[in-house]
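> The residues making up each chain are set out below.
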Amino acid sequence: DAGVIQSPRHEVTEMGQEVTLRCKPISGHNSLFWYRQTMMRGLELLIYFNNNVPIDDSGMPEDRFSAKMPNASFSTLKIQPSEPRDSAVYFCASKRGTHTDTQYFGPGTRLTVL
Amino acid sequence: AQRVTQPEKLLSVFKGAPVELKCNYSYSGSPELFWYVQYSRQRLQLLLRHISRESIKGFTADLNKGETSFHLKKPFAQEEDSAMYYCALLVGTGNNRKLIWGLGTSLAVNP
Numbered sequence: 159d160a161g162v163i164q165s166p167r168h169e170v171t172e173m174g175q176e177v178t179l180r181c182k183p184i185s186g187h188n189s190l191f192w193y194r195q196t197m198m199r200g201l202e203l204l205i206y207f208n209n210n211v212p213i214d215d216s217g218m219p220e221d222r223f224s225a226k227m228p229n230a231s232f233s234t235l236k237i238q239p240s241e242p243r244d245s246a247v248y249f250c251a252s253k254r255g256t257h258t259d260t261q262y263f264g265p266g267t268r269l270t271v272l
Numbered sequence: 602a603q604r605v606t607q608p609e610k611l612l613s614v615f616k617g618a619p620v621e622l623k624c625n626y627s628y629s630g631s632p633e634l635f636w637y638v639q640y641s642r643q644r645l646q647l648l649l650r651h652i653s654r655e656s657i658k659g660f661t662a663d664l665n666k667g668e669t670s671f672h673l674k675k676p677f678a679q680e681e682d683s684a685m686y687y688c689a690l691l692v693g694t695g696n697n698r699k700l701i702w703g704l705g706t707s708l709a710v711n712p
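As they're listed, the protein sequences go chains H and Y.
Heads up: the first sequence begins at 159 in our numbering, then just goes up one per residue.
Heads up: the second sequence begins at 602 in our numbering, then just goes up one per residue.
Just so you know, the hints here were simulated from the structure itself, not pulled from any lab data.
Keep in mind the model is a prediction, meaning the values are calculated, not measured.
A couple of the hints might just be wrong.
Here are the in silico distance ranges between beta carbons for each label pair [what the hints assert, rightly or not]:
hint : chain 1 : residue 1 : chain 2 : residue 2 : range
1    : Y       : F677      : H       : E176      : 47 to 53 angstroms
2    : H       : R268      : Y       : K610      : 18 to 24 angstroms
3    : Y       : L611      : H       : S224      : 34 to 40 angstroms
Calculated from the model, a selection of chain Y residues having no Cβ within reach of chain H, i.e. all distances over 10 angstroms [what the hints assert, rightly or not]:
hint : residue
4    : Q646
5    : A709
6    : P712
In this text, a Cβ means the ideal position worked out from N, Cα and C, and glycines have one as well.
All chains, full assembly: derive it from the sequences and hints.
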């Protein structure tokens, strides 16, 4: 198993552009989490899904951020329009079931907004 | 308030020395705590959880409810322990459970 897959691994874009980050969770996992990591704020939970349904999006910074999970094997995090302060590493994680709590992380996408 | 505090951003020790990474939490419910580790160029991964009462790679962590702490300890640090360590607290009930994370401590073990 390749584990959680994220793409792209690196993204450099200009302010105002739309950015789409992608995640494929581990097969059989039914919970998916999007995190943002910065030096100042550490690891922040943005949103998470159970069985493709968004459960808690209270961590989404503002309306420029949106996330979808159209099926059990794919999720996207979109930023439109992007701003320099969105520069961070974005992680996706998945876990099996609602009563097991070990999260498996992807390699992350390093986003730089110029 | 639900909060995890890791007071040290950076901890530097020599190989063979004992190491303790501090973690304090604030939570009104029954706490479940975890330590995750991120080695250089590797994914963030679970190191240990308090409920398992296990020792992984020589590390242990004891939940102290009186002091609301879950410090990570190892008696003899190794160079390969150099990594970023995150303490996390599980909050919520039923289908709505999520981890609250500390800011992390970067451990450097010097030769």
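> Confirm or reject each hint.
Going down the list of hints, with the structure as the test:
Between F677/Y and E176/H, the C-beta spacing of about 50 angstroms keeps the proposed range 47 to 53 angstroms intact. The hinted range of 18 to 24 angstroms is satisfied by R268/H and K610/Y, whose Cβ atoms lie roughly 20 angstroms apart. Between L611/Y and S224/H the CB atoms are about 35 angstroms apart, so this pair conforms to the stated range of 34 to 40 angstroms. Listed as outside the interface, Q646/Y is inconsistent with that label: its C-beta sits roughly 7 angstroms from the nearest C-beta of chain H, within the 10 angstroms cut-off.
With a minimum CB-CB distance of about 16 angstroms to chain H, A709/Y clears the 10 angstroms threshold, and the non-interface call stands. For P712/Y, the condition that its CB be more than 10 angstroms from all CB atoms of chain H holds, with the nearest at approximately 26 angstroms.
The structure is inconsistent with hint 4 alone, although it conforms to all the rest.
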